[in-house]
Amino acid sequence: MSWRNVMVDDGDHLKVYLDNVEIHKGENKYVIPLSDIGVIVLDGMTTSITTRLLAACSSYNVVLVTCDKKHIPCGMYIPFNQHSRTVKMVRKQVQWGENVKDKLWQKIIKYKIYNQSEVLYLFTRNEEKYIQLQNYITDVLPGDTSNREGHAAKVYFNTIFGNDFSRGIDCIENAMLNYGYAIIRAYITRAIVSYGYNPCLGIFHKSEYNSFCLADDFLEIFRPVIDAYVINYLLESEEEVKFLSQEVRAYLIGILSFRVRFDNQYQKISTVIDKFVLQCFDYLDPEKDNKNQILNIKIKTLEGIKK
Amino acid sequence: MRYVAVRVICIFDLPTTTDHERRAYRRFRKFLIENGFEMLQYSVYIRTCPNRSFANKFYYRIKQNAPQKGDIQLLTITEKQFEDMVHIVCDAKKKQKILGSENLVII
Numbered sequence: 001m002s003w004r005n006v007m008v009d010d011g012d013h014l015k016v017y018l019d020n021v022e023i024h025k026g027e028n029k030y031v032i033p034l035s036d037i038g039v040i041v042l043d044g045m046t047t048s049i050t051t052r053l054l055a056a057c058s059s060y061n062v063v064l065v066t067c068d069k070k071h072i073p074c075g076m077y078i079p080f081n082q083h084s085r086t087v088k089m090v091r092k093q094v095q096w097g098e099n100v101k102d103k104l105w106q107k108i109i110k111y112k113i114y115n116q117s118e119v120l121y122l123f124t125r126n127e128e129k130y131i132q133l134q135n136y137i138t139d140v141l142p143g144d145t146s147n148r149e150g151h152a153a154k155v156y157f158n159t160i161f162g163n164d165f166s167r168g169i170d171c172i173e174n175a176m177l178n179y180g181y182a183i184i185r186a187y188i189t190r191a192i193v194s195y196g197y198n199p200c201l202g203i204f205h206k207s208e209y210n211s212f213c214l215a216d217d218f219l220e221i222f223r224p225v226i227d228a229y230v231i232n233y234l235l236e237s238e239e240e241v242k243f244l245s246q247e248v249r250a251y252l253i254g255i256l257s258f259r260v261r262f263d264n265q266y267q268k269i270s271t272v273i274d275k276f277v278l279q280c281f282d283y284l285d286p287e288k289d290n291k292n293q294i295l296n297i298k299i300k301t302l303e304g305i306k307k
Numbered sequence: 001m002r003y004v005a006v007r008v009i010c011i012f013d014l015p016t017t018t019d020h021e022r023r024a025y026r027r028f029r030k031f032l033i034e035n036g037f038e039m040l041q042y043s044v045y046i047r048t049c050p051n052r053s054f055a056n057k058f059y060y061r062i063k064q065n066a067p068q069k070g071d072i073q074l075l076t077i078t079e080k081q082f083e084d085m086v087h088i089v090c091d092a093k094k095k096q097k098i099l100g101s102e103n104l105v106i107i
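Going line by line, the protein sequences match chains A and B. Sequential numbering from 1 applies to the first sequence in this note's numbering. Sequential numbering from 1 applies to the second sequence in this note's numbering.
By construction, these hints were calculated from the structure, which means they are not laboratory data. The beta carbon of each residue, even a glycine, is placed where N, CA and C say it ideally should be. Errors might be hidden in some of the hints.
Straight-line alpha carbon distances no greater than 25 Å define the calculated SDA-like cross-link-like pairs of lysine to any residue that follow [said to hold, decoys possible]:
#1 A:K69 - A:V241
#2 A:K29 - B:I11
#3 A:K242 - B:I107
#4 B:K80 - B:R27
#5 A:K275 - A:G202
#6 B:K30 - A:P33
#7 A:K25 - B:D91
#8 A:K29 - B:V44
#9 A:K15 - B:I107
#10 A:K29 - B:S53
#11 B:K30 - A:A56
#12 A:K25 - B:N56
#13 A:K268 - B:N56
#14 A:K88 - A:V100
#15 B:K80 - A:S35
#16 A:K15 - B:R27
#17 A:K110 - A:K288
#18 A:K69 - B:K30
#19 A:K15 - B:N56
Rough simulated footprint, nothing fancy, chain B against chain A, three-plus residues with beta-carbon under 8 Å [said to hold, decoys possible]:
#20 29-39
#21 101-111
#22 251-258
Only chain B is shown next, with the shape it has when bound in the complex (with noise of 0.2 Å):
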């Protein structure tokens, strides 16, 4: 098999109208940064992964501690389709380092 390295985009919606809503929000928040997903805009996070299978877990592991309510929406493409993303406008201090998917990294 061949080594594609992808990327989850996870994209949602959730109602913070409420004190309960906000909490569950802040949860699922929570739960993605901690399963490795960085934050890329407001309510768009990302997760790099080495190929599809590794992928697939965090479909399951979503579903399985998402909110009831609200819009979670869930993406995978590939490295070099992410690499071709492009920037129109660019907030220099918003603009965070996001790695790339080699197995080696130096810092």
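Pulled out of the complex, with its shape left as it was, chain A reads as follows (with noise of 0.2 Å):
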């Protein structure tokens, strides 16, 4: 069970101390239990890792995260081969029906759109504009064909930021809101890998540069909880967000222990990430006859987030 998410920012040195990492920082030395540890994230161009460690991670099955020189995530590290039987996932994998993935991209998509306008009206309480989402949501076609996804998030984004953003521009919203999907996609993508698929044949993103199709796929619904998480902080400081500076990042890997309300419980976004993709494999899965049965994915309050 992993409960643990370690921010590593300059520190010296990591290595392995009997299935421990030990973390040196100037004076001081650290040891934390990598069966306690989730996500590692590696900040600051100066620190030394061992190869042992890297082993070490993918066996308990932990994510190390790099950032590059601008603080925002650039690589992965995620535990391949750990699952017993990865051959025959992602087999079931590529069996996948057309059918069934459109349908579950179509429930995806609407749960993505319904926190959005939830998210929207929390922030900015323009009814006109809840409604012209909430009236999308009706619209969602199987495979989301008619793109409501992307008329959503123009209202969505304009609404909130103003007429003149775009996800595109450089500004610290875009960059805190790179910074938490690409913390949420690495979390993803080791549930991913922990059920034995592999996270690059996806159910809607097919693009052939992109190695992790199926965990954007998922990540979807996960993006309105982060948006929210991201505009809380922007509105609650003091001073004004000027860079990402080491405040705002750990603000933004805490999102890893943020509360949801999922399956009629508030839990851990970890957790219901791991609850969440599990759900949909059981979904997709071709032997297994429950296609009539709804996907439980209510993401729906976003507690603790306060105007």
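Two chains, each in its own frame: build the complex with the hints.
This is how it looks when you write it as structure tokens:
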């Protein structure tokens, strides 16, 4: 059971000490059991790390995320081959039916727009746009062929951040969102490989340049939660947030222990990701006959986010 | 269920007169460290756990791996009780940073 996430900011040296990770920083030495850790985020350019630690991370299913000069996560080390029946699972994955994939995608987008509308109303109290988004939900077709996702995203971002905003521009909002998405994406990839599936065969995303299509598919439903988490920080902070300082980054990694409502319980987002990914695989599994069963994805109430 | 962090304290006294006993001691100590226990003092080791049910598994594991001779005692206290511990005399060299029970560790 992993319940800890570690952020190493300019550490000196990381190594393994009897199934623990030993982190040296200056004169201090910290020891954390590897079995407790979910994600290690390595920031700073001077940290050195041993091969043995990489091997130990693989066997304990720990994801290592590395960051670039601008502190944005740019790479991850994923433990492949820890599942006993990887080949069986990947064969299953190749056989997923197009219909089932389209239906699952439809459900994911419906809940994504639903969550977006909730976030939008929470922060702007704009009823007109809220209703507009709610109307999009009923129009989502299997496989989202009418691209309601794109339309909803445009309304959503422009209402919250203003009409000049675009996800492509270089600003602090985008930097924070990208950071949050990258952390959640790494955690989703960890969940996917731990169930023996391959993250590059997606259900909707098909780009041949992307190795994490499946993770990006599952990420969609969590995006509004990350958005709310980021907007809340921007509103609450007393000083203007200008760049990704250590405090901001620590807050963003803290999203993994943020609680959301799922299955009628408040649970940590890291637990929710594990459960949600497993539910999706059960739904997609050609051997399991539960296609009529409604996927119970309800990341509804964004409790803890105060306006 | 509320999230209540606890600390498991393992206190032991193991005989070290023969080679065989010393070997059993070394193996036990190594076993403790492998399972995430940290030394607080000689023969006093602690393990941070997110809740009590997580802590219970160490009771079972230690029972399975304990040497046959000697005394080994386990005690679970809450994070609050652990924080209230008072240092009377403290050797600065020995003082090691022991991490708290928060989910996010920033180093």
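- Which numbered hints does this structure break? Hints 4, 10, 12, 18, 19 and 21 not satisfied by this model.
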